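Engineer: With the hints as constraints, model all of the structure from the sequences given.
Those protein sequences? They're chains B and F, same order as listed. If you count the first sequence from 1, position 134 lands on 134 in my numbering, and the numbers rise without skipping. If you count the second sequence from 1, position 59 lands on 59 in my numbering, and the numbers rise without skipping.
Among these hints, one or two may not hold up.
Pair ranges (Cβ atoms, derived) [stated by the list, open to error]: (1) F:R424 / B:Q300: 46 to 54 Å; (2) F:N172 / B:K228: 28 to 36 Å; (3) F:P120 / B:Q300: 50 to 58 Å; (4) B:H50 / F:R392: 24 to 32 Å; (5) B:R43 / F:P272: 35 to 43 Å; (6) B:K228 / F:G237: 20 to 28 Å; (7) F:H78 / B:K228: 41 to 49 Å; (8) F:N172 / B:E273: 25 to 33 Å.
Facing chain B, from chain F, some residues (calculated, C-beta under 7 Å) [stated by the list, open to error]: (9) G148; (10) Q152; (11) P183; (12) D224; (13) N297; (14) G298; (15) D307; (16) T308; (17) K310; (18) L355; (19) G384.
Reference listing, derived: stretches of chain F covered by chain B, where coverage requires no fewer than 3 residues with Cβ under 8 Å from a Cβ of chain B [to be verified]: (20) 344–354; (21) 368–380; (22) 395–408.
Hints in this document: simulated from the structure, not taken from any laboratory. Predicted, not measured: the structure shown is a model, and the values here were computed from it. Built from N, CA and C at the ideal position, the CB exists for glycine as well.
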Amino acid sequence: MSILLNNRTRLLIQGLGNEGQNQIRRSLDYGTKVVAGVHPGFRGGDSFGHGNHDFPVYATVSEAVEKTQANCTIIYVPAPGAADAILENIAAEVPLIVCITEGVPVHDMIRVRTALANSRSKLIGPNCPGIIQPASRCRVGIHPPDVFMPGNVGVVSRSGTLVYEAVDQLTRAGIGQSTCVGVGGDPIIGEQQQAILRRFNSDPDTDAVVLIGEIGGLAEQAAAAYIKRSMNKPVVAFIAGATAPPGRRMGHAGAIIEGEAGTAEAKITALEEAGAIISRSPAEIGSTMRRVLEEAGKYQPPGPPAE
Amino acid sequence: MNIHEYQAKQLFRAHGVPVPGGGAATTEREARALLKEHGPDVVIKAQVHAGGRGKGRIVKRDRTSRIYNDLISEPDRHEGQITGRRRGGVRLASGTEEALKEFRPMMEQDARLVSIQTGPDGVPISAALIEQQTSIAKEYYFSIQVDGANGQPLIVASAEGGQSIEEVNRTNPRAVLRVPVDPVEGFPSFRGRSLASRLGLPSSAIRPAGEMFANLYQVFADMDASLVEVNPFVLTGEGTVLAIDGKVGLDDNASFRHGGYEEWRDRSQENPTEIEAEEANIGSYIKLDGDIGCVVNGAGLAMATMDTLKLHGGEPANFLDIGTVNRKDRVIEALRIIVNDPDVKAIFINIFGGLARVDIVAEGVVDAVRELNIQQPLVVRLNGSNVEEGRRVLHDSGIAVQTADELGDAAELAVNAARTSKRRSRSND
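Structural biologist: The structure is reproduced here in structure tokens:
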């Protein structure tokens, strides 16, 4: 059932403010199994209801996990409390933590990464759209569900809206998705692109991967190194920012480590040398993938939805 | 967010990092007081956020673009000098009268500093830092930054200081030391002494340098900094160490813990349109050279939109990430910024709603067209959350707008609209 999520995913939502409530309603409507909420002093009392669905709301993550066997948490907590929420989930040994929150201080993420290193938890995000798996109707994030379709292509991206853009093109080209992962756009995140590629590589439900990177940092080079070394499935890649003026996002600090490596051209070269197929235009990700799948004999025309 | 050198040195001093005696002045009275205390031999440094100020030049406003063009046509050019007639942003002086002769032009009403980093308008000078001159035996480099890949702080140091560390890294990478910091341990003095020893500092300087490095790490940790850089710190003639320059970058995301960093912020150093965008709560705005005004949600899609325009032969007038739109006045504010840019010949709105709802975006677009009396041709591409309602709102409003469902098609429409609009404005001239 592809990577990270499956139909045994039992979702816990942390942060039931307005946005958290809106988003969890859409996940419930999509078919995601939400088993618990955590929100100290929740104004709705000790449960949250939406249509035919309802789930209990607890004050702490450890209590919610103990009572409901939740195995995945989505965090919508505002930035000042987001790192604390992640640490709480690490302490409760939640296996998969997804943090949507934008604007988490980088020093907080240094603490989080230290805690993660000695833990049983994996983190996706922060500042990301989350994960969605169309076949299991599992939406752990903020995605517009209508553009997604079950299928055999995995998507991994630093940018959230580019996940939607790429998936929209794939779906229009008749290509469904196994799992779509937005790893997040911040300097320090949990799992990076190459870790997601590794998961897709050993996933029987994924035949090819769309990789979307952007200028700055060295994550795409690490992904390219992994592709060269181990990837046995086609990767179609797009790097955003080829035409961006230099110097604004990459400050002095980044430049010291990266030098020229942060440019789109350097990333494209590294990925091309590793054997990835580059889509120069962001508008051609879907058509490029269609060609790649057809050449590999892996194109599966969309059929009636599987039961 | 960047702060001035004199502010960085206030932070250094408060954390026990040795810096030269001195302070910032904006009035002649303040300058005289500082000169009395720290003179006669001083260095006077223009306080601006842009780099390259030593090679840059202090001039009046009407000369900035000429100097700037000279600088960028010859990248190694030194336009300004440390002494002599052509005034750079860093000047040496001896005695009160000579020092005031250097101070006054920096603080004149229409004085600007132009460097390779400032752009053709230069930047205003916020203050002058007046400091004792230092006897320098050798210059070194030290910085602390965040290593995103490893998720921990990284110290970079070199015995080849006083020049661009990127240049040292290119020509002599072995001279650049990298020390990852265990965030639980921090950077205690013994680690600092070990680094001092690796840098080849003499025995007299090992202990004070170790303390200085540990204290600089405290500045980094206490201030939620994204960068602390000292280039150079020096070994003095007396055999101890001194931070004679200082650069600190603060993490905007942590400003809630530091009173918004208000006491450190200097709005005179920021682009007015970018401040306007920030006050309207717009994620991010950067002015560019082209003629197609862009409003996009998400930094990645905003960059991809620019890339697509260029591939279709167009030029974006700006980068604008509107962020998550859940109120339509935000769309109006974003379009106000775009419409006020005289370079904009066509407008391209590209929104793929996730958290953002595109029906609200559509309502904002309709209101903006009426409220702002938008004359430029408008291309709107909506997709994602509540897209059907969004398209209906646009259609029912009767406003003049071209739409497309796919990114490539929409970009082509925008490029053609800008061309037609340019031709029309030319034939009207």
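Engineer: State for each hint whether it applies.
Structural biologist: How the hints compare with the structure:
1. F:R424 / B:Q300: 46 to 54 Å: Holds - the Cβ-Cβ distance for R424 of chain F and Q300 of chain B, about 49 Å, lies within 46 to 54 Å.
2. F:N172 / B:K228: 28 to 36 Å: Holds: the Cβ-Cβ distance is about 29 Å, inside 28 to 36 Å.
3. F:P120 / B:Q300: 50 to 58 Å: Roughly 56 Å apart at Cβ, these two residues keep to the hinted range, so it holds.
4. B:H50 / F:R392: 24 to 32 Å: 26 Å, holds
5. B:R43 / F:P272: 35 to 43 Å: 41 Å, holds
6. B:K228 / F:G237: 20 to 28 Å: 53 Å, violated
7. F:H78 / B:K228: 41 to 49 Å: Holds: the Cβ-Cβ distance is about 44 Å, inside 41 to 49 Å.
8. F:N172 / B:E273: 25 to 33 Å: 27 Å, holds
9. G148: 4 Å, holds
10. Q152: 6 Å, holds
11. P183: 5 Å, holds
12. D224: 5 Å, holds
13. N297: 6 Å, holds
14. G298: 3 Å, holds
15. D307: Cβ of D307 of chain F sits 5 Å from chain B, so the hint holds.
16. T308: 5 Å, holds
17. K310: 4 Å, holds
18. L355: 5 Å, holds
19. G384: Status holds, d = 4 Å.
20. 344–354: holds (count 3)
21. 368–380: Since three or more residues must qualify, the claim that chain B covers the segment 368–380 of chain F is violated, with 0 doing so at under 8 Å.
22. 395–408: With 3 residues closer than 8 Å to chain B, the segment 395–408 of chain F meets the three-residue bar; holds.
Violated hints for the displayed structure, listed by number in ascending order: 6 and 21.
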